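A.B. asks: Sequence:
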Amino acid sequence: MRPAARLRRACPSSENRRGGEPSPSKIGPFRAPLFGLSESLLDIFLYAAIVSYIYFGQDRKMGRVFAYCRVSTISQTTENQRNEIVAAGFALAPRRVVEETISGAVPASMRPMFVKLVDRLEEGDVLVVTKLDRLGRNAMDVRATIDRLADVGVKVHCLALGGADLTSAAGRMTMQVLAAVAEFERDLLQERTMAGIRRARSAGTTFGRPRAVNEDQQLVIVRRLEEGATVSQLAREFGTSRQSILRAKSRAAQPAK
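In our numbering, the protein residues as written are 2 to 258.
You may find that some hints are simply not true.
Think about it this way: if two alpha-carbon atoms lie no more than 30 angstroms apart in a straight line, the pair counts; the simulated DSS-like pairs of lysine-lysine are [claimed, not checked]:
#, residue 1, residue 2
1, K132, K156
2, K117, K132
3, K156, K117
Hints are computed from structural coordinates only; laboratory data are not their basis.
Computed from a prediction, not measured in an experiment: that's the story for all the values here.
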């Protein structure tokens, strides 16, 4: 049965319910051809309206969904991030998944792939990240990125924060608090690391590669050079490079601390 016929049966006029015949002035839209159109054309227009809403109306309402997946080193993979976003219920098209291998300490405005992603985003789109540090590790930089996207009309969802929209008032507050705490913890870690290095150096610990020439060999090298031996000859005897022999000579010439 055609859609127009179904609608006519489902919505009978008051005259039909009373058993009377309607007057020409009270003919409903599905009782007679609308604006002179046949039922076949009405069917076509009805189907076209339904298809247009499904394929165009809903897209304008919901917007496109993009995912930004970032790792710091080439030995890491973004597969887990993609799986988390899909498991959260976001429908991702492969062309809308942006992956990047770069340190989170690099500002968002200096990440090539993220800059290209921002250029693609339009009003009503949604950007999804698994964690807040995927956007950045600096509280001020993350806030500037969120503000920039909010000005364009893009919503930013973070799965680690329960999928909250970071461009909303509650999302902004949560994002700022967590980013500030994370930055504070990194600063504490750096301070503890530097304090440990200073303590180790004061105790006589040497950092870096071991020297190619030890103290005893250094004394021998200086004496042989004074006797007339060449740098290349000593490098062959000690199984090292000419640069190592020259550095040993330079260290021996420095006054003792």
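A.B. asks: It remains to establish, for every hint, whether it holds in the given structure.
C.D. replies: Taking the hints in turn, this is what the structure says about them:
Among the hinted pairs, K132 with K156 is consistent with the structure: their alpha-carbon atoms are about 15 angstroms apart, no more than 30 angstroms. The straight-line distance between the Cα atoms of K117 and K132 is roughly 20 angstroms, inside the 30 angstroms bound, and the hint therefore holds. Proximity of K156 to K117 is assessed by CA-CA distance (about 17 angstroms); at most 30 angstroms being required, the pair is judged to hold.
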